[in-house]
Amino acid sequence: MASKKSPSPALTTIPNQLAVRYKAGRADSVRARLAGLGKTEDQPVSRILILHRAPAVTRRALDTAVKALQDEKLVEFATPVMLDLGSGLRQVLTDEIVVRLKAGHAQQRTLATLKGEHGVTIGRRNEFEPTQYIVKVPQASGTRTLDVARSLDQRADVEFASPNFLTDIKR
Amino acid sequence: MAHYYTSSAKPIQLDECPDDIGVRFEHANASKMARKAAFDIAAATKSTRVAAASAGQFGRFMVLHESGASMSPVSAVVNALPRKLAMHVARTMPVFVERESQLKLVATDQILVTFKLGASPVRRRKLLDGLGLTLTGHSEFDARRQTLVTTSVRRASRTLDLANQLVAADDVVEFAAPNFLAQIRKGSVNDPKFAAQWHLDNRGQGRATPLQDARAIGAWALVGGGRRSIVIAIVDDGVDLDHPDLKDNLWKNPSARAKDRHGRDFVDLSDPHNPRPKVFKAPFDDTQSNDIHGTPCAGVAAAVGNNNRGVAGMAWNCRIMAVKMSAGENFAPHDRIADSIRYAATHADVISCSWAVAPNPDIESAMRYAVTRGRGGRGSVVCVATGNDHAARIGFPSSNENVVAVGACNDRGLHSAYSNRGAGITLVAPSDDDDARRLGITTTDVTLRGKGYSSGAYCDDFGGTSSATPLVAGVAALVLSANRSLKWDQVRDVLTSTADKIDTAAGDYRSGHSLKYGFGRVNAEAAVTKAKSRARRGRKAAKKR
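Chains as they are written, first to last, in the working numbering: chain E, 2 to 172; chain Z, 16 to 560.
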């Protein structure tokens with residue numbers, strides 16, 4: 002993940018894990034469809050199922066199953082689970098990016114540019130930081146959110162852009 | 016050597032304090048002069064110091080404490096007194112420590128006796144004469160029954176034996192006990208589980224080492240449980256707002272129209288003004304899948320104290336704000352965590368974060384927000400746990416430059432094995448250890464039936480840097496209670512400059528900092544003393560201007 006203001010944490014994709022966000026009310030059916038592919042880890046508040054792919058299941062079989070779930074509109078996105086090498090904590094890539102615009106730029110114009118040039122939709126404005134927004138990456142899959150965040154972060158009118166990971170909390 | 020006296024028909028066990036001696040002078044003036052002389056002797060010999068000198072009606076008494084000297088206290092202190100003062104020493108008296116309370120008692124040559132109603136004067140006199148006791152006074156309030164008698168023995172420790180012999184004459188005597196000069200522990204609280212809270216007042220409970228604690232009692236003697244207006248935010252998985260030992264200390268939003276009365280839930284957007292624990296899943300004592308972590312943290316920081324109930328928090332009169340950033344699972348989006356910090360900073364003086372996540376620029380930005388916007392620009396003090404990974408690096412956001420990074424030490428004043436080490440650690444605070452023989456922390460637990468770390472409203476096995484962190488947050492709240500004008504980094508300076516350098520043998524302190532202990536173990540008493548002193552200096556400087 003890139004950020005101009007902070008050192009970039011080193012991330013790696015965990016090869017046998019995949020996260021899907023199911024649509025509200027579809028947890029049981031998605032869980033049932035994934036059950037044959039490996040063990041699932043439920044994060045019900047976030048509507049996330051993390052699948053630990055069984056060794057006997059091929060990557061292609063998993064991709065096919067996930068695509069079917071997306072085609073049937075049972076899941077919002079399917080993204081890799083990443084490992085922050087510094088902390089050893091898992092991070093689930095979502096379809097959201099936190100974007101802080103630089104002060105002094107015309108915000109509405111900048112937001113329109115982001116939509117046009119990067120294909121994102123503009124979500125909620127931050128309650129405490131008036132130049133900060135959540136932007137959404139349509140049809141997020143694979144590492145697309147990460148790639149979009151990197152390109153947003155390079156913009157001169159953006160202070161920082163960072164994927165809004167679901168981060169593992171260690172207590 | 017063990018001794019005892021009797022109270023309510025039970026023996027009260029005492030241990031003699033070989034390094035302490037009570038001295039009684041013939042008149043109060045001599046005591047006053049001797050006190051000064053003893054201080055001079057202490058300065059000269061560096062082996063003797065005055066631990067206490069009483070005043071008022073006990074103005075003739077002085078208690079001296081000698082540390083590290085090979086000579087007996089009597090010879091070291093009394094012999095060192097100027098001759099004209101030594102002449103006025105009426106007698107020396109042994110000092111005992113009561114095992115349960117660890118309070119000191121000086122055995123005088125007096126015994127207080129209450130005779131039974133109907134005990135004849137002849138029988139009373141015969142008993143006293145038989146033991147060689149002289150009647151010296153009567154109680155102002157019950158002259159018929161309560162009597163002060165003086166022993167004629169040379170060794171005042173014999174007073175205990177004589178008092179116990181009087182107790183044995185139970186056909187005549189209702190009770191008898193030495194008329195001790197009793198140490199008064201100022202600032203203590205009456206909460207029944209306080210005796211188990213060794214992290215606040217370590218008297219050697221269990222197998223703990225006495226005094227290896229956060230020095231709460233001394234701090235409370237200076238600022239009580241803190242100011243009501245100081246608010247500590249617990250950013251976690253919610254706080255049990257109905258807990259009987261927390262609810263009276265909950266922050267109340269000063270804005271009457273505000274819906275967030277006690278805090279905010281950033282997870283459940285359908286019920287955002289109710290930051291209670293809400294999500295539970297069996298097994299109900301599992302931290303990751305249950306909202307049970309914030310409630311014990313809140314108790315360590317600011318459970319209501321001196322209310323004759325349960326436990327006391329370090330800042331037991333300050334307020335708790337509940338900020339719920341996660342619920343029922345071990346994942347949360349970065350923006351929610353960051354906004355929880357920002358929200359806390361808009362209302363709270365101190366923010367306690369007993370968790371670690373992967374580094375993120377939005378959370379870093381939130382930490383900057385807290386120290387620049389919190390407390391009207393003076394900055395909220397953000398305390399963050401360094402983590403429990405046995406690692407040689409501390410977690411994020413404790414590694415952020417704008418926080419107080421808190422590690423853990425155990426009930427013996429040694430490093431808790433799990434507590435992460437690193438250059439970024441600010442200080443440590445008492446908590447549990449991997450070794451099950453070391454004591455855990457007694458604090459509040461969720462009151463929902465069958466949920467939490469224990470079956471009741473309190474648990475005694477909380478720990479980790481999760482527990483150390485709200486303890487330091489509580490100390491920061493006491494520091495701000497003593498001096499509200501301090502900026503956040505000045506509070507951090509006060510905490511680090513007054514911390515106790517523990518385990519100096521293995522701590523490997525370099526320029527005052529250890530990778531295990533940071534600048535040492537938090538010392539609430541010393542921190543509050545320093546904060547008050549800075550406040551006094553500030554007032555003096557303001558007057559001059």
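Don't take every hint at face value.
Label-pair restraints from in silico Cβ distances [claimed, not checked]:
{"#": "1", "chain 1": "Z", "residue 1": "Arg388", "chain 2": "E", "residue 2": "Asp158", "range": "19 to 27 Å"}
{"#": "2", "chain 1": "E", "residue 1": "Ala113", "chain 2": "Z", "residue 2": "Asp508", "range": "20 to 28 Å"}
{"#": "3", "chain 1": "Z", "residue 1": "Arg276", "chain 2": "E", "residue 2": "Arg110", "range": "34 to 42 Å"}
{"#": "4", "chain 1": "Z", "residue 1": "Ser244", "chain 2": "E", "residue 2": "Gly120", "range": "30 to 38 Å"}
{"#": "5", "chain 1": "E", "residue 1": "Arg110", "chain 2": "Z", "residue 2": "Ser285", "range": "28 to 36 Å"}
{"#": "6", "chain 1": "E", "residue 1": "Gly89", "chain 2": "Z", "residue 2": "Gly465", "range": "26 to 34 Å"}
{"#": "7", "chain 1": "Z", "residue 1": "Ala271", "chain 2": "E", "residue 2": "Gln109", "range": "34 to 42 Å"}
{"#": "8", "chain 1": "Z", "residue 1": "Gly527", "chain 2": "E", "residue 2": "Thr122", "range": "51 to 59 Å"}
{"#": "9", "chain 1": "E", "residue 1": "Asp158", "chain 2": "Z", "residue 2": "Arg408", "range": "30 to 38 Å"}
{"#": "10", "chain 1": "Z", "residue 1": "Ser285", "chain 2": "E", "residue 2": "Ala107", "range": "53 to 61 Å"}
{"#": "11", "chain 1": "Z", "residue 1": "Gly527", "chain 2": "E", "residue 2": "Pro139", "range": "52 to 60 Å"}
Keeping only pairs whose Cα atoms sit at most 20 Å apart, straight-line, the calculated SDA-like set for lysine to any residue is [claimed, not checked]:
{"#": "12", "chain 1": "E", "residue 1": "Lys171", "chain 2": "Z", "residue 2": "Leu284"}
{"#": "13", "chain 1": "Z", "residue 1": "Lys296", "chain 2": "E", "residue 2": "Lys137"}
{"#": "14", "chain 1": "E", "residue 1": "Lys137", "chain 2": "Z", "residue 2": "Arg351"}
{"#": "15", "chain 1": "Z", "residue 1": "Lys293", "chain 2": "E", "residue 2": "Pro45"}
{"#": "16", "chain 1": "E", "residue 1": "Lys171", "chain 2": "Z", "residue 2": "Thr302"}
{"#": "17", "chain 1": "E", "residue 1": "Lys137", "chain 2": "Z", "residue 2": "Gly437"}
{"#": "18", "chain 1": "E", "residue 1": "Lys137", "chain 2": "Z", "residue 2": "Lys293"}
{"#": "19", "chain 1": "E", "residue 1": "Lys171", "chain 2": "Z", "residue 2": "Ile27"}
{"#": "20", "chain 1": "E", "residue 1": "Lys40", "chain 2": "Z", "residue 2": "Lys296"}
{"#": "21", "chain 1": "E", "residue 1": "Lys24", "chain 2": "Z", "residue 2": "Ala407"}
{"#": "22", "chain 1": "E", "residue 1": "Lys171", "chain 2": "Z", "residue 2": "Phe295"}
{"#": "23", "chain 1": "Z", "residue 1": "Lys296", "chain 2": "E", "residue 2": "Arg151"}
{"#": "24", "chain 1": "E", "residue 1": "Lys24", "chain 2": "Z", "residue 2": "Ala432"}
{"#": "25", "chain 1": "Z", "residue 1": "Lys466", "chain 2": "E", "residue 2": "Arg172"}
{"#": "26", "chain 1": "Z", "residue 1": "Lys293", "chain 2": "E", "residue 2": "Lys40"}
Quick caveat, the hints were computed from the structure, so don't treat them as lab data. All C-beta atoms in this analysis are idealised placements derived from N, C-alpha and C, irrespective of residue type, glycine included.
Results of checking the hints against the structure:
1. Between Arg388 (chain Z) and Asp158 (chain E) the CB atoms are about 24 Å apart, so this pair conforms to the stated range of 19 to 27 Å.
2. Between Ala113 (chain E) and Asp508 (chain Z) the CB atoms are about 47 Å apart, so this pair departs from the stated range of 20 to 28 Å.
3. Evaluation of the 34 to 42 Å hint for Arg276 (chain Z) and Arg110 (chain E) yields a pass: the beta carbon distance comes to about 40 Å.
4. A C-beta distance of roughly 50 Å is found between Ser244 (chain Z) and Gly120 (chain E), which places it outside the suggested range of 30 to 38 Å.
5. The hint said 28 to 36 Å for the Cβ distance between Arg110 (chain E) and Ser285 (chain Z), and at roughly 35 Å that hint holds.
6. The given range of 26 to 34 Å is respected by Gly89 (chain E) and Gly465 (chain Z), whose C-beta atoms sit roughly 33 Å from each other.
7. Under the hint 34 to 42 Å, the C-beta atoms of Ala271 (chain Z) and Gln109 (chain E), about 36 Å apart, fit the expected range.
8. Evaluation of the 51 to 59 Å hint for Gly527 (chain Z) and Thr122 (chain E) yields a pass: the beta carbon distance comes to about 53 Å.
9. At roughly 35 Å, the beta carbons of Asp158 (chain E) and Arg408 (chain Z) sit within the given window of 30 to 38 Å.
10. Between Ser285 (chain Z) and Ala107 (chain E) the CB atoms are about 35 Å apart, so this pair departs from the stated range of 53 to 61 Å.
11. Restraint check, Gly527 (chain Z) to Pro139 (chain E): a C-beta distance of roughly 54 Å satisfies the suggested window 52 to 60 Å.
12. Annotation: proposed proximity of Lys171 (chain E) to Leu284 (chain Z) is violated, straight-line Cα distance about 23 Å (limit 20 Å).
13. The straight-line distance between the Cα atoms of Lys296 (chain Z) and Lys137 (chain E) is roughly 31 Å, outside the 20 Å bound, and the hint therefore fails.
14. Proximity of Lys137 (chain E) to Arg351 (chain Z) is assessed by CA-CA distance (about 16 Å); at most 20 Å being required, the pair is judged to hold.
15. Proximity of Lys293 (chain Z) to Pro45 (chain E) is assessed by CA-CA distance (about 13 Å); at most 20 Å being required, the pair is judged to hold.
16. The suggested pairing of Lys171 (chain E) with Thr302 (chain Z) holds, with an alpha-carbon distance near 10 Å, which does not exceed 20 Å.
17. In summary, the hint linking Lys137 (chain E) to Gly437 (chain Z) is not supported, as the alpha carbons are separated by about 37 Å, beyond the 20 Å threshold.
18. This hinted pair does not check out: Lys137 (chain E) and Lys293 (chain Z) have alpha carbons roughly 29 Å apart, beyond 20 Å.
19. Using a Cα cut-off of 20 Å, the hinted pair Lys171 (chain E) and Ile27 (chain Z) is violated, with the two alpha carbons roughly 47 Å apart.
20. Distance restraint check for Lys40 (chain E) and Lys296 (chain Z): the Cα-Cα separation of roughly 19 Å lies within the 20 Å cut-off, and the hinted pair is therefore satisfied.
21. As the CA atoms of Lys24 (chain E) and Ala407 (chain Z) are separated by approximately 41 Å, the hinted pair breaks the 20 Å bound.
22. With a C-alpha separation of about 18 Å, the suggested pairing of Lys171 (chain E) with Phe295 (chain Z) holds against the 20 Å cut-off.
23. Of the pairs offered as hints, the one joining Lys296 (chain Z) and Arg151 (chain E) is violated, with about 38 Å between alpha carbons and a cut-off of 20 Å exceeded.
24. Straight-line distance between C-alpha atoms of Lys24 (chain E) and Ala432 (chain Z) comes to about 43 Å, which puts the hinted pair past the 20 Å bound.
25. For the given pair, Lys466 (chain Z) sits about 18 Å from Arg172 (chain E) by alpha-carbon distance, which is consistent with the 20 Å threshold.
26. Between the alpha carbons of Lys293 (chain Z) and Lys40 (chain E) the distance comes to roughly 26 Å, so the proposed pair goes past 20 Å and is violated.
Hint check: violations occur at hints 2, 4, 10, 12, 13, 17, 18, 19, 21, 23, 24 and 26; the rest are consistent with the structure.
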